[in-house]
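Chains as they are written, first to last, in numbering that gives the first Met the number 0: chain A, 0 to 524; chain B, 0 to 688.
Be aware that one or more of the hints could be misleading.
What the hints assert, rightly or not - Label pairs and their in silico Cβ distance ranges: (1) Arg448(A) - Ala170(B): 38 to 46 Å; (2) Arg589(B) - Thr391(A): 45 to 53 Å; (3) Pro624(B) - Thr391(A): 57 to 65 Å; (4) Leu454(A) - Gly141(B): 36 to 44 Å; (5) Phe542(B) - Leu159(A): 51 to 59 Å.
Calculated from the structure, these hints are not laboratory results. This structure is a prediction, so every number in the text was calculated from the model and none was measured. We treat Cβ as the ideally placed atom computed from N, Cα and C, and that holds for glycine.
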Amino acid sequence: MDGIELEILWSNLISIVSEQAKALQRIAFSPIVREAGDLATAVFDAEGRMIAQAVTGTPGHINSLAAAGRHFAEIYPPAALEPGDVLVTNDPWKSAGHFFDITVYTPVFRKGRVIAFFGSTIHHTDIGGYGVGAGARDIHEEGLWIPIAKLYEHGQKNRLLHDIIRHNVRTPDHVFGDLAAQGSSGRMGGDRLNTLCDRHGLDHVDRLAEEIIARSEAATRASIRNLRPGTFHGACTFDVPGGDLVTLKSAVTIDNRAGEIVIDFAGSSGPSPYGINVVMNYTHAYSTFAIRSCLDPDLPNNFGSLAPIKVTAPKGCILNCEYPVPVNARHVVGMYVPMPILKALYHVMPENVLAEGAGAVWTIQINGKDESGRPFTSSMFNYSGGMGARATKDGPAATCYPTGIAAVPIEVLEASMPIEFTRKELRPNSGGAGRALGGDGQTISFHMRTREPWLLNAVTSRTACAAEGLGGGADGAPGRFTVNGCKVSEARKMVMQPQDEVMLETPGGGGYGAPDAGLIRSVAE
Amino acid sequence: MTGFSLAVDIGGTFTDVVLRHRDGRCYVDKTLTTHGDLLEGFFRAVDLGLRRASIGPADVDDVIVHATTLVTNAVIERKGPPIGLVVTEGFRDVLAIRDEHRYDMFDPQIEFPAPLVARERIFPLAERTLADASVAKSPDDGALAALAEAVQRQGIRALAVSLLNSYRNPANERAVKRRLAELAPGLYVSLSSEVAPQIREYPRTSTTVLNAYTQPITAPYLKALAEQLVRRGFRNQPLIMLSNGGVIGVDVASRFPVRMIESGPAAGALAASYFAELMGLDRLLSFDMGGTTAKACMIQERRPLVTGLLEVDRKYRFKPGSGFPVIIPSIDMIEIGAGGGSIAGVDSLGLLKVGPRSAGSEPGPVCYGRGGTEPTVTDADVALGLIDPDRFLGGDMKLDRAAAMRALAGLAAKLGIGTEQTALGIFKIVGESMASAARAHATDRGIDYRGLPLLAFGGAGPVHAGYVAELLDSSAVIYPPLASVLSAFGTLVTPARLDLVRGALARLGGMDWADIGRLYDEMEAEGTAALVGAGTPADRVAFEFGADMRYFGQQNEVSVGLPGDPRLARDATALRETFERAYEAQYGLRLPDVDVEVVTWRLVARGPAIPARPSSLATAAPAKPKGRRRVLFSDRPSEVPVYDRPAIAPAQIIDGPAIIEERETTIVIPDGWRATVEANGTIVSRRRG
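Using the sequences plus the hints, can you model the full thing?
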């Protein structure tokens, strides 16, 4: 296939999955999907290898979805599928690492055979069990576990599975609304792929998939071959809700002959009693993400480009957790995964990495009763701290890396529940000093308009250990979580009094490089 | 001789003028835009036009319409004076925090635009309105006096006021404006509750700030324009083209300059809907391809689609998310980085990529011979024989085909294929990316694009439209006359129009119809006043009703037109049905168990439509081809006839493959298509049966 034909077909594939993502994002009930883009869509070849992904989404979802294809193929190989079948799972170890993320996987038939699959993962509004937060004691308390199953068979609902879901979630209308949206977007993707095949006279996309995977793998290996070989180390320590410290250690080995990178997390912390444990899929997702964004953000992301990057972690450690540890708030640790890798890569490509940032976004969820006594349950909402500084650019304030999800507007939250914000402003100088400055965190405070006690579920991190500066840059300020001015660190839901004022001060990012005299002068001018 | 209307469109490079007589005759000209003083170029163009028509200012007794890039340029070039922003105390950094979104997940080097207001000019005010519209605290007089004092001390000329929940209740914002009018007379004040009264504090504040930023430039400009027109003996006040595809008087435009962003492209879309009307087509896709980008717009029911959100000044690699959000009604356009100057290259995977990098007009494509070294789309077009190097701009500019071939040969070597094959690849990939963008745009809006005719204009549009039409299964491609001044022409066929919105969350399960009635009464009064100001008699103002709705619990709305006045109907069931029909069309499902809520109410006030009145060509004998040349359309080259557009007679039939040349562009009719010339001067190419 020449570089013209391939470009035309490939860019068409990407636009199909991107459209699928856009449609899903628009109709999702889950605010974190709509406002924050917490979703992924991708197309897979008949063997379950991801060949193209949407340009939206979060790294945790995208790269976890890539791994899910293989698991679906093991249980339902193409021969076991018929037109109108739709597969589903939320198995943390086989998809995106916690029950809230449901993956729907739709085969595409052409002339009687499966030629591809369209997959999507989105964060649902509810999955029963403990709800949002890290407080469940084991995985079973965290909600409904859906093994790999058929959601639809020959176009008919799988009645039993639908009934099980309906009886085990708190907002079945929204869950089914979002599942239906995932199903219809998969169907739409299939139709579009068939039209593409019609237009180009193709019976299948096997050759196209082969070509995409081979070229992506070769390009990734070629750019790794340009790097300095060796094993480089990085570590990152941060505190999690409840006050425990977690350390992630990475040894990044660059093999410039094979064009491979191996990341080994040996020496990282053991499992946590709270739901912040990370499955291997999710660790892999954020590791490959970190490598790719430094290596060349314009490289494609698919089975081929992911192949030369290998990730290992000792069985049972916090980054390769095993049944039955709780995993619900796995993003709290997962979003720190890139940091030790970036610190290792600082020794190889200092101009492409960034200093440690605030890490995970802080997430909040509230239950209570409004002034007239009607109960409400908020959706999960989130706030970012500052991003770490780049080699030549300051870190953006109130912006998260590695994810980059948006915050729900204050007015939207105030219109949907009895909350009243009193502050949402930057924390000046919370970003670390340096040749380039770390991004500032922000201060958010609020209280509820209620007459009764209410429940607060706030998942914070980095309130004791600051984001480290890089290459002589200063650390950012750690975060602070207070209720009526008193510091709190709590992994479980907290019972709050009607008048309580909550204040969240998110951490600042680390600075990059020692501030030099020239720079200070130019600031003074 | 009276009976003329006048249009002037100031673009980045040219200022275009169109004088149109009631009988349909048009006189057009263009001159270079004078960036130092735009009015200089405005009147130079007007003088050229008057001379062509052999008339004087007093003969222009119909409308005078103006579209301009002034507002957009003021933002992009940061030309505005220092402005201030008043926010609710505790929320000073709403601009710097944005929505916290990192718009490109994979690129850690991304940048955000610096806010248009410095932090020291953002003034927190102790006040608060709650989400239920109740005022928890009104601003006290001492605070307002201190604010006025600070504004004057800092030499601030324009002030944006954007307070929390003001979309629900504007009382506190109005109190600020009232007091400042007394304490700081002459200060421009933009209230978010007037500029963009919609929920979501960041986009509302961003829009209001852009309005404040451009007002001290726009208001004096429009005033000077109106005065100079009078002084020169013109009879009418000018109308200003807005981005919603309507025109309005200078008073309203001066208060809301942010609504003038994209007024030029909006006028192009209006021209497209005029031709839809003229040709009796309900729907078409306008396709405007220039030097750096291509723009497309869906015309539905003979009108361009309108959207509520756009973004200006994308800072970082033109990426969506890197600019300022603006929530004003504007023509819904797709813009992609694929124009004549787009550069082709081979990436690290061995794929041929075209754009978004562009050689622009300086140095321009390699064949311009001005120092460009990387092959572009225009170079490919020249290599394929689609563009005649000796007749570019009527022969005023000679193109260097040999240089284009050399640059393409370098690319061909990297791909391991022939030079002409490479040029054909560039041609195809540009067409594919436009077609993909159009499909995505259509699908996103629940529109079936198949069979939709294209209307092609812009320097490169007619060269590429034929191929794009093949990819989109279009039934026809329309090549309008006056293609080089189509935006200016579009302003003359644009009715007066003002779009109004009010944010007020309301569940269909429990509607407060009295409240909704109040909002619509307010909007109706504002719309009527604005249209009367634009010369529409009050009894000719027509209203269209709309609402942005969603299922309760969703975060994003679907904008729907309502069949009638919701104040009279008071029918929640009908609202639900209207919403669900639109929702199902876009997303293929309904959710019968979920309540529906209205987030924003909309009202469009519009003046009478301007009827399509074609000019007609004199009949003449069918023209013969002026020559033949070798062209590579598909995988095999062919000798094709070349025609001169002005020589072609009405009803003449030209079968593809063929080339029709005009001064500013070249029409390429592919094999399998047949072009005919309509009496109104339009060329229409249809698939041969």
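Here is how each hint holds up against the structure:
1. Arg448(A) - Ala170(B): 38 to 46 Å: violated, 20 Å
2. Arg589(B) - Thr391(A): 45 to 53 Å: Hint holds: Cβ distance 52 Å, inside 45 to 53 Å.
3. Pro624(B) - Thr391(A): 57 to 65 Å: holds, 59 Å
4. Leu454(A) - Gly141(B): 36 to 44 Å: The hint (36 to 44 Å, Cβ to Cβ) holds, given that Leu454(A) and Gly141(B) are roughly 40 Å apart.
5. Phe542(B) - Leu159(A): 51 to 59 Å: At 53 Å between Cβs, range holds.
Checked against the numbered hints above, the structure violates only hint 1.
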